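Letter by letter, the chains look like this.
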Amino acid sequence: MRNVHGFLDNDVTLAFIRYGTIIVVKMMLMSTITAFFRMKKKAFVNPEDTASFGKGENAKKYLRTDPDVERVRRIHLNDLENIIPFLFAGFFYSFSGVSLSTALLHYRIFLGSRIFHTIAYLVPLPQPARGLAWMAGYLVTFSMMYKIIMIAFTMS
Amino acid sequence: MRNVHGFLDNDVTLAFIRYGTIIVVKMMLMSTITAFFRMKKKAFVNPEDTASFGKGENAKKYLRTDPDVERVRRIHLNDLENIIPFLFAGFFYSFSGVSLSTALLHYRIFLGSRIFHTIAYLVPLPQPARGLAWMAGYLVTFSMMYKIIMIAFTMS
Amino acid sequence: MRNVHGFLDNDVTLAFIRYGTIIVVKMMLMSTITAFFRMKKKAFVNPEDTASFGKGENAKKYLRTDPDVERVRRIHLNDLENIIPFLFAGFFYSFSGVSLSTALLHYRIFLGSRIFHTIAYLVPLPQPARGLAWMAGYLVTFSMMYKIIMIAFTMS
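Protein chains in written order, with the working numbering: chain A, 56 to 211; chain B, 56 to 211; chain C, 56 to 211.
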């Protein structure tokens with residue numbers, strides 16, 4: 056990278072960019088999975104999306120909610136709710152003077168927790184599989200937030 | 056913090072990190088409040104979440120929407136819609152050459168507006184309490200955006 | 056801007072700030088459009104929002120979902136799902152050593168795709184107008200992600 060800001064002199068920030076990118080790509084894939092399930096289950100929400108299935112009642116019957124589609128949409132929303140705080144926390148955490156190994160531990164647990172959360176939600180696995188996956192990522196984000204607060208609020 | 060980027064030489068960016076962290080923690084707490092209301096009101100959305108309440112019809116009756124749960128979820132979504140623009144604007148605003156006191160005014164009004172918005176939504180307080188709280192944060196974000204536009208679009 | 060980080064020495068980052076600001080302002084306007092449609096169609100979700108329309112049954116009839124309101128809300132959620140990855144990718148992409156002209160191509164296609172997506176969703180235009188608009192922005196974000204991955208994962 057053009058090293059204008061020295062983002063890459065900081066190996067922890069480099070690690071954040073690597074893990075953050077994978078996590079955001081994973082979140083983006085939820086859009087594709089939603090589209091796939093909408094096609095497969097023929098369950099749409101906009102009248103213009105069903106026009107190719109014919110007219111009138113023929114098309115209208117595909118304007119419906121489907122449990123599998125809604126499930127994928129919930130995963131996507133849960134990703135937004137959890138990954139956005141991670142991106143904020145993970146970025147500033149990488150400047151907090153934390154060691155690379157500690158930071159990697161945080162980033163890796165978070166990545167693992169979101170991947171496992173998605174699998175547990177999609178299958179679905181019996182609880183508390185999904186709950187524990189979510190909790191792991193949630194606590195890791197709080198741990199990074201705590202470090203940022205400890206540093207940022209003790210500086211003059 | 057490891058001062059690789061001089062983020063902390065800039066007292067306005069330091070202020071942004073402080074207020075941004077508090078605001079993101081507040082947003083994250085909505086997940087816990089949602090979980091709390093789902094437990095309290097026994098209102099779940101995934102069949103696997105109700106398995107511990109028994110089988111068949113016994114568990115099925117807990118698959119329902121509850122007004123209080125939906126209320127908390129709306130707060131969370133409203134947070135996402137408003138706090139994400141704030142994080143974007145607040146970060147770049149802190150490099151716009153604005154004075155610390157002006158920036159603090161913006162950050163503090165936004166933090167106050169979101170906390171009051173959450174209280175007004177949860178209680179709920181009569182309107183226009185919630186509407187005004189939302190408006191305050193919205194206008195503060197636009198004010199920061201305006202400053203960024205004025206600076207970024209006049210540079211060569 | 057106070058050039059503490061040299062953000063503005065980097066003309067690609069300056070371009071990101073310009074386009075990112077316009078895109079975030081566009082996303083924020085969805086809140087106002089939602090409010091406008093709620094007023095126009097008298098379709099609200101919170102009992103306290105309908106209090107000014109009278110009491111009891113008189114007010115209750117305005118607690119309803121309206122297709123136009125829901126349409127605007129879907130645009131807003133789709134914006135969140137797509138613009139957040141863009142902000143993450145676009146920021147780090149601007150440090151990837153990419154040329155200004157290539158970066159501008161990415162930022163401009165994304166901005167155009169989101170504006171056209173909103174118009175296609177609001178009108179609504181027949182499919183695949185909205186689908187192609189969404190796809191353009193989605194692929195551009197992946198293209199930036201790919202570049203970030205190629206750079207960040209090949210550094211020692």
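A hint or two may mislead.
[Stated by the list, open to error] Here are the simulated distance ranges between beta carbons:
| # | chain 1 | residue 1 | chain 2 | residue 2 | range |
| --- | --- | --- | --- | --- | --- |
| 1 | A | THR157 | C | PRO181 | 29 to 39 angstroms |
| 2 | C | LEU194 | A | PRO179 | 28 to 38 angstroms |
| 3 | C | LEU160 | B | LEU160 | 33 to 43 angstroms |
| 4 | A | PRO179 | B | SER156 | 50 to 60 angstroms |
No lab work stands behind these hints, which were simulated from the structure alone.
Values in this document were obtained by computation on a predicted structure and should not be read as measured data.
Using N, Cα and C, we set each Cβ at its ideal position, and we do this for glycine too.
Here's how the hints hold up against the structure:
Between THR157(A) and PRO181(C) the Cβ separation comes to about 54 angstroms, which falls outside the hinted range of 29 to 39 angstroms. Taken as a hint, the range 28 to 38 angstroms holds for the pair LEU194(C) and PRO179(A), whose Cβ atoms sit roughly 31 angstroms apart. For the pair LEU160(C) and LEU160(B), the beta carbons lie near 38 angstroms from each other, so the given range of 33 to 43 angstroms is met. Judged by the Cβ atoms, the range 50 to 60 angstroms given for PRO179(A) and SER156(B) holds: they are separated by roughly 52 angstroms.
Checked against the numbered hints listed earlier, the structure breaks hint 1 alone; every other hint is satisfied.
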